[in-house]
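A.B. asks: Each chain is listed here by its residues.
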Amino acid sequence: MTAPALSVQGLWKSFGALDVLQGIDLEVAEHEVIALIGASGSGKSTLLRCINLLEPIDGGRIFIEGEEITARDVNVDRIRRRVGIVFQSFNLFPHMRVLDNVTLAPRKVAKLSRADAEAAAMKLLERFGLAEKAGQLPDRLSGGQQQRVAIVRALAMQPDLLLLDEVTSALDPELVAEVLNVIRELAAGGMTMLIATHEMGFARDIANRVCFLDAGRILEQGPPAQIFAEPREARTRQFLNRIVEAGRL
Amino acid sequence: MTALGGPDSPDPGGPVGLPGSRARRRGHDRGGAVRSTLVALVSTVVVFGILGYVAVNSPGWPAVQASFLDPDIFWSSLPGIASAFLTNVQLFLIAEALILALALVLAVARSSTSPVLFPVRLMATVYVDIFRALPGVLVIYILGFGIPGLNLPGVPTDPFLYAIVALTLIYSAYVSEVYRAGIASIHPSQAAAARSLGLSQAQALRHVVLPQAIRRVVPPLLNDFIGLQKDTVLVSYIGVVEIFRQSQIVESGTFNFTPYLATALVFLVVTIPLARFTDWLLGRQQDSSFAAGVKAGRARSGAGGTL
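Line by line, the protein sequences give chains A and B. 1 is the number of the first residue of the first sequence in the working numbering; add one for each residue after it. 1 is the number of the first residue of the second sequence in the working numbering; add one for each residue after it.
None of these hints come from the bench; they were simulated from the model. The hints are all genuine.
So, partial list: chain A residues that the calculated Cβ filter (under 8 Å) puts toward chain B:
| no. | residue |
| --- | --- |
| 1 | D77 |
| 2 | F93 |
| 3 | M157 |
Each residue gets a CB set at the ideal place from its N, CA and C atoms; glycine is no exception.
Could you put the whole structure together from the sequences, leaning on the hints where they help?
C.D. replies: Spelled out as structure tokens, the structure:
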């Protein structure tokens with residue numbers, strides 16, 4: 001049996017006196033799409049940032065395909081190549097054209113030639129309808145386009161696992177769909193993804209499994225039909241009721 | 001942003017307000033602009049007229065005019081002074097190149113966070129503290145007289161060399177702080193995005209943080225460059241024959257201060273355009289960051305929205 005794509009064991013993370021993650025256990029199989037839901041501050045973003053090693057962890061272990069990435073002597077940069085992350089605020093490099101945003105890591109990290117990196121990048125940009133934006137600077141693009149570029153930038157490193165951190169939260173409502181469609185396409189293509197989101201309808205459609213985070217723990221997890229229709233935990237019910245009241249589900 | 005966005009990019013104003021309102025508003029603006037220009041002109045003429053009148057009618061005016069404003073001495077000393085200024089130009093161009101490089105190294109060292117690099121950070125901090133604290137003239141004196149005075153074999157004695165070294169030491173301390181402010185102004189999410197793609201810390205700095213930081217601090221860098229240009233006269237103290245020393249030489253031969261006025265004019269001619277350019281650049285940076293915000297807003301709300 002092959003090792004799971006991602007395995008998180010007893011992950012603990014504190015910011016000062018605040019314990020943001022209090023023993024997260026999570027296993028993700030290859031090609032699986034996991035939606036992380038929960039209130040702001042429940043630890044969704046921190047969990048993703050820990051998996052990408054952007055935050056040093058305070059306890060527990062994380063494995064990618066059986067290899068422990070939280071071991072002391074691990075090469076952090078090599079791990080990060082296998083795990084892509086897309087942020088809520090896009091974080092495109094504003095001084096670089098779209099094409100250079102996408103090719104920077106392939107050229108500098110994967111050591112591709114500029115021609116090879118650009119050819120691959122153009123293919124990706126075309127696939128997501130962004131080819132004509134290749135020569136533009138990010139601030140000429142709409143938020144939805146910028147976020148799609150950010151996804152393409154992460155994909156250019158051909159990660160085994162893609163982490164999406166509330167990627168539609170900073171977008172105007174009418175631009176959300178174009179980004180969600182990209183993620184749907186990735187899911188259909190078999191990309192293993194961990195998606196922190198407030199888009200409950202989307203989570204229900206796309207996820208194989210939904211995890212409800214509450215106060216730094218995964219309080220409940222299961223198939224979307226079960227979590228959204230008959231949550232076991234009172235906290236989950238409360239959370240979902242508020243979402244329904246707000247007309248978001 | 002800044003140098004890259006800019007006015008050349010196509011930005012149709014978009015349908016703002018009612019048709020015709022824009023033309024009306026522009027007409028109103030023009031009337032206001034003409035009136036303010038007139039007011040500024042009149043007040044300038046009045047103020048400088050009064051100042052000039054007071055100066056020319058002061059009891060010491062004839063003496064000042066004779067010792068500072070002698071046209072014959074002005075024209076006869078100008079060629080020598082202008083050619084001595086070439087030495088200042090050499091000084092500030094060579095020193096500026098060294099300053100920009102050394103200051104960047106210092107700023108990067110001070111911005112490092114790794115515990116292994118603590119000694120580097122400490123050295124850079126001590127360096128910046130010392131050379132910002134010492135008056136420039138003292139550094140120039142100590143280096144220019146002290147080191148050649150050691151009479152060590154093989155140690156050069158050319159004052160020009162010590163002038164360059166002293167100016168570089170003094171200014172790189174200041175300029176490193178400008179760079180450091182620029183680096184600190186780049187949001188950590190930029191470095192995080194670069195690191196998340198697998199770039200090392202050095203690569204993230206080199207390709208993502210520094211290009212943005214340096215672009216942002218070009219105006220203050222130019223400001224320090226103007227300061228450096230003027231401070232090149234300080235090295236006259238260690239025997240470099242540059243513009244100030246040259247005007248002293250003329251003065252001691254003619255007992256007339258007009259050469260200093262010529263020197264002052266040379267600096268004005270060189271420095272003012274650079275100062276104007278710096279202001280223009282700063283204004284454009286502010287405009288374009290505002291325009292970028294508006295554009296992003298429009299792009300977000302679909303084409304053309306109202307503001």
